[in-house]
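Number 138 in the UniProt record's numbering belongs to position 138 of the sequence shown; there are no gaps in the numbering.
Among the hints, a few may not be true.
Unchecked claim - Once the Cα atoms are required to be at most 25 Å apart in a straight line, the calculated DSS-like pairs of lysine-lysine come out as:
#	residue 1	residue 2
1	195	121
2	177	101
3	155	143
4	240	201
5	143	83
6	201	175
7	101	83
8	177	167
9	185	163
10	69	177
11	135	155
12	164	116
13	121	77
14	164	175
15	121	155
16	195	238
17	143	77
18	101	121
Claimed, not checked - Derived Cβ-Cβ restraints for the label pairs, each shown as a range:
#	residue 1	residue 2	range
19	98	127	41 to 47 Å
20	249	310	42 to 48 Å
21	250	146	21 to 27 Å
22	296	231	51 to 57 Å
23	156	198	33 to 39 Å
24	368	398	16 to 22 Å
25	98	215	33 to 39 Å
26	244	299	27 to 33 Å
27	135	224	27 to 33 Å
28	167	204	39 to 45 Å
29	91	135	37 to 43 Å
Hints were generated in silico from the structure; no laboratory data involved.
No residue lacks a Cβ here, since even glycine has one placed at the ideal position from N, Cα and C.
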Amino acid sequence: MDSSNVVASQERADGGRKGRGAAQSKKLSKIKDNESKIRIIYNDVGQPIGDGKIQLASYSGILVKSLVKITYPSWHKVPESIKKNLWSAIQAKFDLDPNSKTFVLASMARSWRAFKGQLTKRWIYANEGNLELLKHPPPIYKKFLQQPVWEEFVKSRLSANFKKTSKEQSERRTKNKFPHRLSKKGYAGLKEELKEQLGEKYINDRSFLWTKARENKSGEFDDDETREVAKKVEEYMKQKEDGSLVTKGTSDILTLALGTPEHSGSLRGLGLGPTSTNYFKIPKQGTKRQYEMLMSQLEVERKRRKELENILKKVEAQGNLPIQVRNPQTSEKVASNTKISSNMKHVKPAISQHESGGIKSQSHCSKGKECKLAFGTKDNIIAEGIVFEKVGPNEKIHNVNLGEHNLRVSVTKALSPTASLPIPVYGEMEIIEHAIGSIVAWPKEFVLTGLEDLDSQVKELIPEQQLLEESLEMAAEALLILNSFGVG
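All chains should be modelled from the sequences, with the hints used to inform the complete structure.
Okay, here's the thing in structure tokens:
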């Protein structure tokens, strides 16, 4: 689908003023699937924000007009295969969170319904007395609307049944006592705008957004009812701040001020995306089957954790890889003035306590153990030798502190005689050939003893254990929720 040649404005069939017209997306049409995608960023409730949001909305509108026929009676009747294609097309152009699929499709559904409503009001009902003019789709939308589809759509919109339904929906909309004054930016755009304008004075509460969305340009409200709700919001905020009001779940400030409960769908004061379930963290009611499944999963996790602990015990029993759990708050300075070869500037020191998740691997090497000595990368082995067990943190070699991240090795064989030593002794030993039979300092990450695979295995298991613990904590929390529903 080429979406770059879309007319920018439209002439109404009744001779009225030019409208906004079809959306353009020239930039997006040039993006190939293998090229850099447009990155989407989100706010704290999962709504797209920034420039990417505008491009996403524009492209979504073009897609849904192109791929979804307007003759489907509702979005629920649109085949899942079409919705799947819509999502795939969006993923091809945008770098976005996979969890935002529901939001994107809901946004497309809204755009699709608005498109149908626009066609009905601006073209069909505006020219109901001129059926000749309604024989063909509006020129600007011929790209999207095939003749048979248009004819079927016009027929359905002029039917008595649809007119009755349309009238009922119009009456329902008139009952909305508090219409907002938002433009296309929506609540998400308003939120970012207010955060930028107000800084620390911004109040992160949906009741604050709700009132701001109904202010006119003068910061006033157009009717007494809205003004009264805004006044209640302000009073409840003060009560909550001084501790005289405690809100819980959906019974928050906005619900209290409006005097009506939340219903399913989008939340008032937030717009498309957040729902009562995910915004207020309301758990779904547990069932006997869910409880049994949870207990079964919990048992599986316990077994996996036990297996992991056994593996770690076996590794520790080797004596070559002691695991020491240390305080993450502790920082240790290494006193060393050892000069490093300029060729080794890219070699990072051993990982810090923070980076290693609280677990630190000490030297792999026992006293007098044969090893291979690498340089730059672990695949680049330039010598063989013997590594010696460290005496302590203040151990010296050639009158310089060895340091925490180096080991004491004796070079026994030069595989690359002219290669530079990682830590040379200037004026005495600067290349491998000079160090044969001598003891030098060597970065311990490049001292290979054959236990590296075992080390790698343990390091992979450590984060898995952390995930397991988190999983068990979540399961325990879920059990508490189930118990609150009397499941057991």
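* Enumerate the violated hints, using their earlier numbering and listing them in ascending order. => 1, 2, 6, 9, 10, 18, 21, 23, 26, 27
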